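Novice: Next come the chains, spelled out residue by residue.
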Amino acid sequence: MLTLKNLTKRYDTGDLALQNVTLSVPDGQVLALIGPSGAGKSTLIRCVNRLVEPTSGSVKLNNLNLPKLSSRALRRARRKMGMIFQEYALVERLTVMENVLSGRLGYVGFWRSYFRKFPSEDVKEAYRLLDRVGLLDMADKRADELSGGQRQRVGICRALIQNPDLLLVDEPTASLDPKTSRQIMRLINELCQERGLTAIINIHDVLLAQMFSQRIVGLALGEIVYDGHPDGLTPEVLTQIYGEEDWSATIEKVDDSDESEIEE
Amino acid sequence: MIKNTALSSYPVVWDKPPFIKRAWLRWSIILGALIYLILALASMDINIQRVMEGLPRAQRFFGSFFPPNFADNQGVVWEGILESIWMAIISTVAGVLLSIPIGLGAARNLAPFWVYMMCRSIIAGSRTFPEIILAIFAVKLFGFGPFAGFIALSLGTIGFFAKLLAEDIENSSESQAEAVKATGANWFQWINYAIQPQVMPRMIGLSVYRLDINFRESAVVGIVGGGGIGATLNTAFSRYEFDVAAAILLVIIAIVMVLEYASSFLRKWVQ
Amino acid sequence: MGAMMAVLHKETDFVWRRRTTKKQVLIWISWLIGLSIVMFAWNVISEKTIWFFVQDAPRQAADIGSRMIPPKWSYIFELITPIWDTINIATLGTVIAMVIAVPVAFCAARNTSPHTTVRLFALFIIVSSRSVNSLIWALMLVFILGPGVLAGTIAIGLRSIGFCAKLLYESIEEIDETQVEAIRATGAGNLQQMIYGILPQVLPTIAGVGIYRWDINIRESTILGLVGAGGIGLQLNGSINTLAWTQVSTILLVILATVFVSEWVSAKVRGAII
Ligand SMILES: Nc1ncnc2c1ncn2[C@@H]1O[C@H](COP(=O)(O)OP(=O)(O)OP(=O)(O)O)[C@@H](O)[C@H]1O
Ligand SMILES: [Mg+2]
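Chains G, V and D supply the protein sequences, listed in that same order. Just so we're aligned: 35 in the working numbering is position 35 of the first sequence, and the numbers increase by one with no gaps anywhere. Just so we're aligned: 264 in the working numbering is position 264 of the second sequence, and the numbers increase by one with no gaps anywhere. Just so we're aligned: 240 in the working numbering is position 240 of the third sequence, and the numbers increase by one with no gaps anywhere.
Don't read these hints as lab results, they were simulated from the structure. Each statement offered as a hint is correct.
List time: in silico BS3-like cross-link candidates among lysine-lysine, alpha-carbon distance up to 27 Å:
1) G/5 - G/80
2) G/60 - G/5
3) G/124 - V/21
4) V/268 - D/22
5) G/124 - V/16
6) G/5 - G/68
7) V/163 - D/268
Negatives, chain V to chain D, calculated, CB over 12 Å:
8) 13
9) 17
10) 27
11) 69
12) 113
13) 117
14) 176
15) 181
16) 268
Here the structure is a predicted model, which is why all the values come from computation and not from measurement. The beta-carbon is built from N, C-alpha and C at its ideal position, and this holds for glycine as well.
All chains, full assembly: derive it from the sequences and hints.
Specialist: This is the structure in structure tokens:
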């Protein structure tokens with residue numbers, strides 16, 4: 001169970017990115033976070049694993065209050081939170097395998113990681129995950145030799161090898177073509193189902209959000225303006241989140257794809 | 001999901017693929033490097049006793065940095081520094097001015113082939129020899145004093161500046177150049193409107209950088225008689241006046257810092 | 001040059017100016033100041049010049065030039081050891097410099113520096129190493145260690161630390177932070193973030209800077225002999241002092257060849273690595 005309470009973030013520049021966000025995500029729920037650019041979606045996700053330090057409020061993961069942790073305890077807590085990034089954020093000059101294994105860095109000592117001598121379970125698990133996402137042959141390739149979709153799969157493996165309780169996903173499909181986007185979202189969704197993972201997924205594509213999540217939270221100007229079922233996204237709600245626009249096209253598309261794509 | 005059957009068959013070890021794939025090549029490179037390192041170290045001719053003897057001198061030397069002697073009784077330090085500064089300025093200006101035609105000539109996209117070859121060989125010639133060797137010859141030809149240093153540093157500036165200018169021009173945007181050409185501009189207008197705006201900001205930054213280099217070099221051309229602070233520094237060393245030497249070094253460091261700051265400031269201002 | 005561009009384009013009653021009047025005046029004034037500084041500098045230099053020598057220079061050049069031809073080829077055999085020393089000075093000096101420059105660069109880069117004081121100290125090391133020419137370093141070291149190759153090697157090393165560390169720390173500051181963040185998000189410690197997130201990104205720069213500096217150091221180490229710090233400069237100095245011009249031309253040709261070969265080698269190695 002992840003619980004945010006009165007979470008507020010004000011950047012040094014003065015931008016108030018989050019104001020009093022209160023939200024709780026039960027175990028095993030896949031939650032999609034939508035909102036216009038600058039709404040604070042990335043900030044919210046990053047406040048959870050403290051890549052961004054929250055200004056005030058609490059973030060509790062299984063009764064552990066994350067903002068209060070010492071840097072040592074924080075590192076231990078981060079091991080249980082996998083993160084997937086928009087631009088993949090793979091270390092481009094390392095091999096695919098090293099990128100995947102880097103998910104275990106929190107568990108192995110410095111010298112082991114320096115000499116790339118990871119425990120055999122980790123290596124085996126890495127191969128298994130790569131096989132699962134269809135990249136078994138790519139293990140020795142360098143990350144910058146992969147296509148966008150392949151890179152994001154590696155990113156997913158890196159998050160999953162941590163064996164996390166919580167998955168933080170920041171716009172996983174923003175740099176991908178529509179088909180690959182769906183494949184990636186489906187993969188994330190399936191993996192969450194398989195492992196009973198809790199996930200927060202930032203996403204710009206309302207359609208994908210509706211297809212692959214059980215709950216949608218709309219953020220605007222750092223505040224939650226919608227929290228509910230994917231079907232509840234009416235034109236009025238979307239206007240509230242994103243502002244005035246003709247939303248009929250977006251909604252209609254949802255109806256089309258309902259029949260063919262959703263496989264719940 | 002269906003791969004469960006394969007679960008037990010995944011490898012349990014993984015080694016990073018080596019940087020050099022061919023094993024024999026990898027090992028011969030490593031071996032060669034090791035052998036070279038041993039031979040090179042052997043040629044160092046390290047004499048422990050000499051080093052030990054040097055330690056007290058080193059201590060005295062570094063001790064004299066605290067405090068350095070800025071008193072400068074005969075005003076020689078001040079005079080040397082000023083001479084270095086003037087030398088650096090004038091040789092940068094002269095070098096840069098001479099570099100402009102040479103750099104234009106050494107840009108493949110501007111110059112006809114024979115001009116290109118000529119300018120490139122001028123550049124190669126002045127780049128190969130360190131300023132100090134140029135200075136030795138300049139002193140032989142022009143006599144002791146800052147004029148020889150000025151000639152040496154100007155030549156060095158040409159090798160540096162003309163090369164970078166030529167490369168920058170070669171990398172400048174083709175389309176902008178063509179657009180201006182299409183207006184019917186003559187060659188000089190074309191250079192003025194199409195090439196100059198593109199390369200100017202970087203060249204200004206580089207001039208200040210070269211001024212910085214020339215100032216530092218002006219501290220050594222004096223060692224071979226080319227004027228500037230180098231002569232004073234050399235004298236200070238040979239007379240064991242380390243506090244004076246320390247003062248000179250600190251002044252050099254300070255001026256280089258100022259120049260570095262100035263160049264970063266100027267670069268921002270120009271852009 | 002800026003002044004030349006500020007042409008007034010008169011079209012009936014329109015006057016287009018590139019700059020406002022105030023700015024224009026400012027630019028004129030700075031040109032004036034710059035010009036007078038240059039004039040003044042030139043005055044100082046020319047006052048200290050004996051113009052008779054300068055006028056005589058072409059004749060001198062012709063004279064020395066004719067004495068340099070033909071080079072004394074047999075002298076080459078005596079240059080083998082000095083050239084070997086020169087190359088060793090450059091190579092070992094570069095190795096020493098890189099070993100020290102890498103940690104210094106990490107301390108100097110804003111995003112990896114452990115503390116502001118450490119950062120300032122690292123920046124100070126960089127500036128002082130850069131400001132002092134290798135010949136001056138050699139001058140000091142010859143005094144401390146006695147003449148020889150060792151002094152030259154350390155001088156080259158000391159001079160190169162600042163150069164390499166400066167280029168390195170600038171590239172460390174330009175790395176892609178998200179890659180490091182991704183590693184941090186897995187719960188990796190600081191050193192692990194360094195090894196996995198930062199080092200792979202700057203490794204090509206480290207290699208490139210090392211090779212680049214080696215190339216420069218070959219050139220620099222040819223002159224260290226002037227102050228007794230080993231290498232071929234010793235022979236050059238001796239030959240010039242004894243007016244053995246045919247030896248001088250041989251030495252210059254050998255230096256030329258070494259520099260060309262080193263440039264070729266470094267280009268090859270760079271191509272292979274990056
Ligand atoms: N490092 C930072 N420093 C200062 N302000 C920041 C920083 N990061 C984000 N902000 C500000 O915080 C607000 C929220 O930014 P955030 O990146 O969380 O938005 P987002 O919803 O993720 O947007 P997008 O959809 O474009 O990714 C914005 O106003 C942004 O300008
Ligand atoms: Mg974002």
